[in-house]
Amino acid sequence: MAPEYAMHGQFSVKSDVYSFGVLVLEMVTGQKNQYIRNGDSMEHFLSYAWKSWQDGNVSSIIDLTLTTGSGSLCDITRIIHIALLCIQENSSDRPTMAEVVHMLNSFSLVLAIPSEPAFFMRGTIHPQVPLVNFSDNVVSVSEIAPR
10 MAPEYAMHGQ
20 FSVKSDVYSF
30 GVLVLEMVTG
40 QKNQYIRNGD
50 SMEHFLSYAW
60 KSWQDGNVSS
70 IIDLTLTTGS
80 GSLCDITRII
90 HIALLCIQEN
100 SSDRPTMAEV
110 VHMLNSFSLV
120 LAIPSEPAFF
130 MRGTIHPQVP
140 LVNFSDNVVS
150 VSEIAPR
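Be aware that the sequence shown starts at 10, since it is given in the numbering used here, and climbs by one per residue.
There could be a bad hint or two in this list.
Unchecked claim - Keeping only pairs whose Cα atoms sit at most 20 angstroms apart, straight-line, the calculated SDA-like set for lysine to any residue is:
hint: 1; residue 1: Lys41; residue 2: Ser24
hint: 2; residue 1: Lys60; residue 2: Val22
hint: 3; residue 1: Lys41; residue 2: Thr74
hint: 4; residue 1: Lys60; residue 2: Glu35
hint: 5; residue 1: Lys60; residue 2: Met106
hint: 6; residue 1: Lys60; residue 2: His90
hint: 7; residue 1: Lys60; residue 2: Ile71
hint: 8; residue 1: Lys41; residue 2: Thr105
hint: 9; residue 1: Lys41; residue 2: Ser68
hint: 10; residue 1: Lys41; residue 2: Ile71
hint: 11; residue 1: Lys60; residue 2: Ala121
hint: 12; residue 1: Lys60; residue 2: Gln40
hint: 13; residue 1: Lys60; residue 2: Asp84
hint: 14; residue 1: Lys41; residue 2: Ser21
hint: 15; residue 1: Lys41; residue 2: His90
hint: 16; residue 1: Lys60; residue 2: Thr105
hint: 17; residue 1: Lys41; residue 2: Glu52
hint: 18; residue 1: Lys60; residue 2: Asp25
hint: 19; residue 1: Lys60; residue 2: Ile85
hint: 20; residue 1: Lys60; residue 2: Asp72
hint: 21; residue 1: Lys41; residue 2: Met51
hint: 22; residue 1: Lys41; residue 2: His53
hint: 23; residue 1: Lys60; residue 2: Leu120
What the hints assert, rightly or not - Beta-carbon label-pair distances, calculated as ranges:
hint: 24; residue 1: Gly39; residue 2: Ser101; range: 16 to 22 angstroms
hint: 25; residue 1: Ile153; residue 2: Val110; range: 20 to 26 angstroms
hint: 26; residue 1: Gln63; residue 2: Val22; range: 26 to 32 angstroms
hint: 27; residue 1: Ser28; residue 2: Ile153; range: 55 to 61 angstroms
hint: 28; residue 1: Asp72; residue 2: Ala154; range: 40 to 46 angstroms
hint: 29; residue 1: Asp25; residue 2: Leu118; range: 48 to 54 angstroms
hint: 30; residue 1: Pro155; residue 2: Val22; range: 18 to 24 angstroms
hint: 31; residue 1: Thr74; residue 2: Pro155; range: 45 to 51 angstroms
hint: 32; residue 1: Pro155; residue 2: Asp102; range: 17 to 23 angstroms
hint: 33; residue 1: Asp64; residue 2: Ile153; range: 54 to 60 angstroms
hint: 34; residue 1: Ala154; residue 2: Ser69; range: 21 to 27 angstroms
hint: 35; residue 1: Leu32; residue 2: Ser69; range: 28 to 34 angstroms
It should be emphasised that the hints constitute simulated quantities derived from the structure, not laboratory data.
The structure displayed is predicted, hence computed values, not measured ones.
Just so it is clear, CB atoms sit at the ideal spot from N, CA and C, and this is done for glycine as well.
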């Protein structure tokens, strides 16, 4: 959920750009947008992705199934870079979807440097704190039977 919507109830086309960036990061990493284990600590998914990109350690977050196929590490790193631009905290700093499409199609285009994503967590959660899964994707089906 885009920060401007979560904090102020404001929704715009840039909110969709934020959601697109989160979705792309989830697909490229194979992780959900929640807290993940990073060594001995827990860290928010978006923070971890940004820090990995910032440290030049993107290969550590890429889903291994992507690296065994035809996708090159350079292409996947560029996709992560674009996704990080989409999750900027300030909606005016995010690209439009037309700009995202242009960035994805033009490999000669120099990309801006993304800043820390929205909800960047500088601290960590203590590993003994239980995680709450907010999206179990549980479905129940009820059948109606006559009397």
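For each hint, the structure was consulted:
A threshold of 20 angstroms between alpha carbons decides the hint, and for Lys41 with Ser24 the separation of about 19 angstroms falls inside it, so the pair holds. Taken as a hint, the Lys60 and Val22 pair is broken in the structure, with Cα atoms around 26 angstroms apart against an allowance of 20 angstroms. For the given pair, Lys41 sits about 16 angstroms from Thr74 by alpha-carbon distance, which is consistent with the 20 angstroms threshold. For a cut-off of 20 angstroms, the pair hint linking Lys60 to Glu35 stands: about 15 angstroms separates their Cα positions.
In summary, the hint linking Lys60 to Met106 is not supported, as the alpha carbons are separated by about 24 angstroms, beyond the 20 angstroms threshold. Taking the CA atoms of Lys60 and His90, the gap is about 12 angstroms. The hint holds against a cut of 20 angstroms. Between Lys60 and Ile71, the direct Cα distance comes to roughly 13 angstroms. Compliance with the 20 angstroms bound is thereby established for this hinted pair. Simply put, Lys41 and Thr105 have alpha-carbon atoms about 24 angstroms apart, too far for the 20 angstroms limit, and the pair is violated.
Of the supplied pair hints, the one linking Lys41 and Ser68 holds, its CA atoms being roughly 17 angstroms apart against a limit of 20 angstroms. In summary, the hint linking Lys41 to Ile71 is supported, as the alpha carbons are separated by about 13 angstroms, within the 20 angstroms threshold. For a cut-off of 20 angstroms, the pair hint linking Lys60 to Ala121 stands: about 16 angstroms separates their Cα positions. Between the alpha carbons of Lys60 and Gln40 the distance comes to roughly 15 angstroms, so the proposed pair stays at or under 20 angstroms and holds.
Proximity of Lys60 to Asp84 is assessed by CA-CA distance (about 19 angstroms); at most 20 angstroms being required, the pair is judged to hold. The suggested pairing of Lys41 with Ser21 is violated, with an alpha-carbon distance near 24 angstroms, which exceeds 20 angstroms. Annotation: proposed proximity of Lys41 to His90 holds, straight-line Cα distance about 18 angstroms (limit 20 angstroms). Between Lys60 and Thr105 the CA atoms are separated by roughly 24 angstroms; this puts the pair beyond 20 angstroms, and the hint is violated.
Annotation: proposed proximity of Lys41 to Glu52 holds, straight-line Cα distance about 12 angstroms (limit 20 angstroms). At most 20 angstroms may separate the alpha-carbon atoms for a hinted pair to count; Lys60 and Asp25 exceed this at roughly 23 angstroms. With a CA separation close to 16 angstroms, the supplied pair Lys60 and Ile85 stays within the 20 angstroms bound. About 17 angstroms separates the Cα atoms of Lys60 and Asp72, which keeps this hinted pair within 20 angstroms; it holds.
The straight-line distance between the Cα atoms of Lys41 and Met51 is roughly 14 angstroms, inside the 20 angstroms bound, and the hint therefore holds. Note on Lys41 and His53: the hinted pairing holds, with a Cα-Cα distance of about 10 angstroms set against a maximum of 20 angstroms. About 17 angstroms separates the Cα atoms of Lys60 and Leu120, which keeps this hinted pair within 20 angstroms; it holds. Distance hint for Gly39 and Ser101: a CB-CB separation of about 31 angstroms, inconsistent with the stated range 16 to 22 angstroms.
At about 46 angstroms, the beta-carbon gap between Ile153 and Val110 misses the expected band of 20 to 26 angstroms. Between Gln63 and Val22 the CB atoms are about 27 angstroms apart, so this pair conforms to the stated range of 26 to 32 angstroms. Restraint check, Ser28 to Ile153: a C-beta distance of roughly 36 angstroms breaks the suggested window 55 to 61 angstroms. Taking 40 to 46 angstroms as the suggested C-beta distance range, the pair Asp72 and Ala154 conforms, at roughly 44 angstroms.
Hint check: Asp25 to Leu118, Cβ distance near 21 angstroms, so the stated range 48 to 54 angstroms is violated. Between Pro155 and Val22 the beta carbons are some 49 angstroms apart, a value that contradicts the proposed interval 18 to 24 angstroms. In this structure, Thr74 and Pro155 meet the distance hint of 45 to 51 angstroms, their C-beta atoms being roughly 48 angstroms apart. At roughly 58 angstroms, the beta-carbon separation of Pro155 and Asp102 lies outside the given 17 to 23 angstroms, and the hint is violated.
Look at Asp64 against Ile153: about 56 angstroms separates their beta carbons, and that is inside 54 to 60 angstroms. Checked against the hint of 21 to 27 angstroms, the C-beta distance between Ala154 and Ser69 comes to roughly 53 angstroms, which is inconsistent with it. Hint check: Leu32 to Ser69, Cβ distance near 20 angstroms, so the stated range 28 to 34 angstroms is violated.
Hint violations for this structure: numbers 2, 5, 8, 14, 16, 18, 24, 25, 27, 29, 30, 32, 34, 35, all remaining hints satisfied.
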